[in-house]
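*Asks:* Each protein sequence line maps, in turn, to chains Z, G and A. Read in order, the letters of the first sequence are residues 1 to 544 in the working numbering. Read in order, the letters of the second sequence are residues 1001 to 1315 in the working numbering. Read in order, the letters of the third sequence are residues 2001 to 2307 in the working numbering.
Everything labelled a hint here was simulated from the structure, so no lab data went into it. Any given hint could turn out to be false.
As the list claims (entries may be wrong) - Not everything, but these chain G residues come out facing chain Z in the computed CB check (under 7 Å): (1) P1049; (2) L1081; (3) P1261.
Every residue, glycine too, gets a C-beta built ideally from N, C-alpha and C.
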Amino acid sequence: MRPRARLCSVIAGTAALALAAAACGGGDGGSGGGDGVVRASWGDPQHPLEPANTNEVQGGKVLDMIFRGLKRYDPESGEAEDAMAESIETDDQRHFTVTIEDGWTFQDGTPVTAESYVDAWNYGAHVDNAQVASYFFQFIEGYDEVHPTEEGQRPTADTLSGLEVKDDRTFEVTLSEPFSLWPETLGYAAYAPLPRAFFDDHEGWLAKPVGNGPYKIDSYRQSQGMTLSRYADYAGPDRPRNNGVELRVYTDNNTAYTDLQAGNLDVIDDVPAGQLANAENDLGDRYINQPAGIIQTLSFPLYDRGWRGEEGRKLRQGLSMAIDREQITSRIFHDTRTPAGDFTSPVLGDNGGFDRGLCGDVCSYDPDRAKDLIDEAGGLPGGSVTITSNVDTGSHRQWMDAVCNSVNNALDQRDACTVNPVPTFADFRNRVAGHEMNGMFRTGWQMDYPLIQNFLQPLYYTDASSNDSGYSSGEFDDLIDRANAQGDEGEAIDTFKDAERVLVHDMPAVPLWYQNGTAGFSERVSDVRLNPFSVPVFTDIKVG
Amino acid sequence: MSDATSAPPPMEAEEENAAKGLTAGTSSPDKDAPRGLWSDAWHDLRRNPIFVVSALLIVFLVVIALWPSLIATRDPQRCDLARSLQGPSAGHWFGFDTQGCDVYTRTVYGARASIAVGLCATVGVALVGAVVGGLAGFFGGFWDTLLSRLTDVFFGIPVVLGAIVFLSMISLSGIWPVVLVIAALSWPQVARIARGAVMTAKQHDYVQAARALGAGNARLLLRHIMPNAVAPVIVMATIMLGTFIALEATLSYLGVGLRPPTVSWGVDISAASDGMQFRNAPHILLYPAAALSLTVLAFIMLGDAVRDAIDPKLR
Amino acid sequence: MGRYVIRRLVQMVPVFLGATFLIFVMVYAIGDPVSGLFGDRGPDPATAQALREEFDLDEPLPLQYVLYMGKIFTGDFGTAFNGQPVTQLMEHAFPISFRLMLVALVLEVVLGIALGVITGLRRGRSLDTSVLVATLVVIAVPTFVLGTTVQYVLGVKLGWIDPAVSPDPRLDELLVPGLILSLVSLAYVTRLTRTSVAENTRADYIRTAHAKGLPRRRVTVRHLLRNSLIPVVTYLGADVGNLMAGAIVTERIFNIQGVGYQLFQGILRQNSPTVVGFVVVLVLIFLLANLLVDVLYAVLDPRIRYV
């Protein structure tokens, strides 16, 4: 047995444990220091690192570094700006001509062409490739043929009929319906171009992905870490200001936080919940707490008799007014959440449709009014209500308890509200998707792109993919359709806000709070900030 | 460590005890004794101050568990977030937890579920483990193979998996599902220990002698082997009691344990440690943990005393 | 003895099959894992279906099991949802957990037995009381709290250790994590040893040995300890698997991607290839450790014989 030789030293060591520990400390923790490389925390991506197969932050973090698509969201304003796109033109909000800039190459030396995009999108859309983010391509004509909606149906086409390569630098996109803001969605990683190597040697590509972004991957050890260095031939403007990034996988973000404190790590995103109270003390101005495109809501099972009708509406509004958002965001979340006053997110900005006052009184704490409303509706269905959520990730338990206590105190009733924890996320999602809820349940939304449309349509449009409450309103659907067809961006946003007002009246879900992105960084680095997706902007970070 | 070299083994106090017992003969402890093993044990126990103290402590804990309102007048469900993590103050000696609940009230009310879960699960584990392990060790051969391999299969189930599966399927409320799951997943360890202990005890001369004298299996097991083999099981059980109370918290943390409004020490301890809350407000961890320690201490002392009382080598 | 060992090895086959089937059914019983892969978004039925096909989840349970076992015998343990082969996960996790377990086990044996013997010989003395208090602390304070506190003090305040171990940690890096991991077991080992020793000091053969005028040390080690070790050894044998599979908290604190962590992740993500694969290997380790313990019985107590 290999470790036998070490055994003696261990036995000897136990006698003087502290001494031994002292002698062993400081071994190789400092690797990567001093050479201009940023050491950052990472989590194991949940899916293989394909652009259209990534729907969470950890995979997104890497894709953001190694890919550049047609558009990029400005880290500060969140606005979609041209990256590889030279122009995207349309006359009817349905047919778009995309021209890409010249001179871009993948990190294996091959040029990025119109075909790189079309092939990548066709791959991402096709049902056989089982990409979890393939719904991004649903707007493109021919999506139903490559990706049938029903289980068991076979695709009738191999490629999207709405994509056509004109020449090396131009391709045409036809959408199935007008969608004025469609070009603004193109900053998402799913729309990234892919090199031939992705299709020719898929296994090899997955082991070490190759993109066209500011960084290239030097080494990748799955579930342990990744090292990236600057891509010398990167054609975009946001060239890295450091020599590279070392991503280290942490099994727990508390450990990453401790490692940051010990000086073994430069950047952590997502400060652990329990350290929020200390972060300002521990890190001072090296603690970042800024808005991100995430909103947390509590949805109602509108398919359940007890929550329907005018009475149900009063109940929902009453419960919304029984939640003391101010106190919970400050005491439980230490101001890393902000009480929500609409169904969107502050990162959209006032021009993008964010309006904190839109919900008004209904989203403000008013225990007396809450009690009256619920009494008017004849009390809670069955006398009490539950809050259901998975509890395996994200410290959900604490705010659930706090919300229930708030409701109980407002209604002056001991067990009016109880929490109903579900052990695994998949189990929770199964129950939600299977319409098995009978009380409130947690619904969170992390935007795909910073557009008001993304906060409304996928969640509340009749039969939309994430319409978990089963909400259906002809008025709301009409307004969304009208907004999508509008050519003028300002008018479109106003119409979206009209649709949002319908939600305030109907309350299919209660807005709780806007979630911030949090991060901390070491004294070794500067210029650290998060983009609206709460991912650190690595290209900006300076070392030393 | 200075007294380590000077003290002669074994300790004087025990020497004295043992000397008294020596005359009774050690090969067949209860043979000539005027009273039976168990009444003997009871006689000894009553005179053991450790037993008296631990018994009083346990009685106190049980009374609190049954009637928490005797010493706590507030409602454990009444929480005011505005007082979140406030330290101890007049009228609220233990301070407030994250949710702004009174820690003293919750600690008192937590006794019921915690002690019930700990005690029931421990008794269950000890019984199942001792029976399965005892039979395997005593009979050996085919029975040993069957029971031991069954134990092995159960050993293989990860606690988290077993707990999630069983507890999401059982829709019973209250403490019983939790007790059942803990017992179902923890007995193999006791079974292994009991089997080993019985296998050793079986070899002792007095057991062989009793067998030669025609004692039946039941008599051999209960009167001769068990008193000699029970010590490690008691030790395991007393420590397990504490770990089970803590394990209940792990289950709650996973979303499959006790449901609110049930209050328990385990839930409060895990809430305090979840996300390092204890770093800023140690009091929210200290009090439920101290209550848990006190309970475990009482049972460890009780276990020690009982073991001494029924150990035949003392006679 | 040889025949006994061979028989035990043969018996592993049914246990192995039973345990794997049980685990397989249990993971299956938690429900359909696929919808968890879509984040907070409702799953799209066609993609979900394609994923189910990819992981054989669309087959009936017994067939899934047969397909799975068939693959195992060809060395294919399946793929985790992140596309990583389970064998690759195991290759990485088991050596690390084995090392961690070894460190913890050595600490248990050395510290636990030493403390147990001393407290057993000197019951009621100050050291005995101190050990009792330490035991209570270890039981009542969660490992997470003890672990993170030790990590903070040694790693941040004093700078003696790195808070997180390296991806392929050496044994000395695992000293502190091993100690944290072994704490609860240490409590068991110490108290088991203490009780056995206290009991056996009164046994005839110890008196005889003393009466023969044998040196105290020799009596303690050769006679007393040897006869006191059976429950301890049993416990340690059973603990080997626990130390590997149940080290979730310790592994998370010190960023060790070991068996406990992978197993926990696998369970929460309901990824049966990961869970079953890991448990299969764990069961083998359990079985071997328990076999070793049974063989040790015969060494420690020659009166125990296997036929």
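*Asks:* Could you tell me which of the hints above the structure violates, numbers in ascending order?
*Replies:* 1
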